[in-house]
Amino acid sequence: MQYDITDAIIWAMNTATKLLTAMRQNPNDWAMAKLLTVAKQFNMQVRSTGGSHHVFSHPAVRDPLSVPAHRPIKAFYIKRFVALIDQIQE
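Here this note's numbering is used: the first residue of the sequence shown is 1, the next is one more, and so on.
Simulated from the structure, these hints should not be mistaken for laboratory data.
Keep in mind that a hint or two might mislead.
[To be verified] As a list, the in silico DSS-like pairs of lysine-lysine whose alpha-carbon atoms are at most 30 Å apart:
#: 1; residue 1: Lys79; residue 2: Lys34
#: 2; residue 1: Lys18; residue 2: Lys74
#: 3; residue 1: Lys34; residue 2: Lys18
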């Protein structure tokens with residue numbers, strides 16, 4: 001079986017899409033690694049200086065989103081993260 005870069009891109013897109021769908025359905029009990037996976041797929045900038053928060057931003061969106069890095073991430077932040085993705089897609 002030959003591994004192609006296209007396969008890797010499709011796999012990443014499918015993973016990010018599935019994660020985003022799951023976040024919409026159940027915003028409870030998410031880890032930062034999952035948010036970072038989705039953010040990468042949507043070309044978001046993620047700023048983390050080793051502190052207790054990650055800041056997600058995108059040129060298409062005016063207001064960045066700051067999310068505490070501790071687990072589990074509260075549903076409020078997941079809902080805001082999903083809304084940020086929706087703004088990017090508009």
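Against the earlier hints, flag every one the structure doesn't satisfy and list their numbers going up. none
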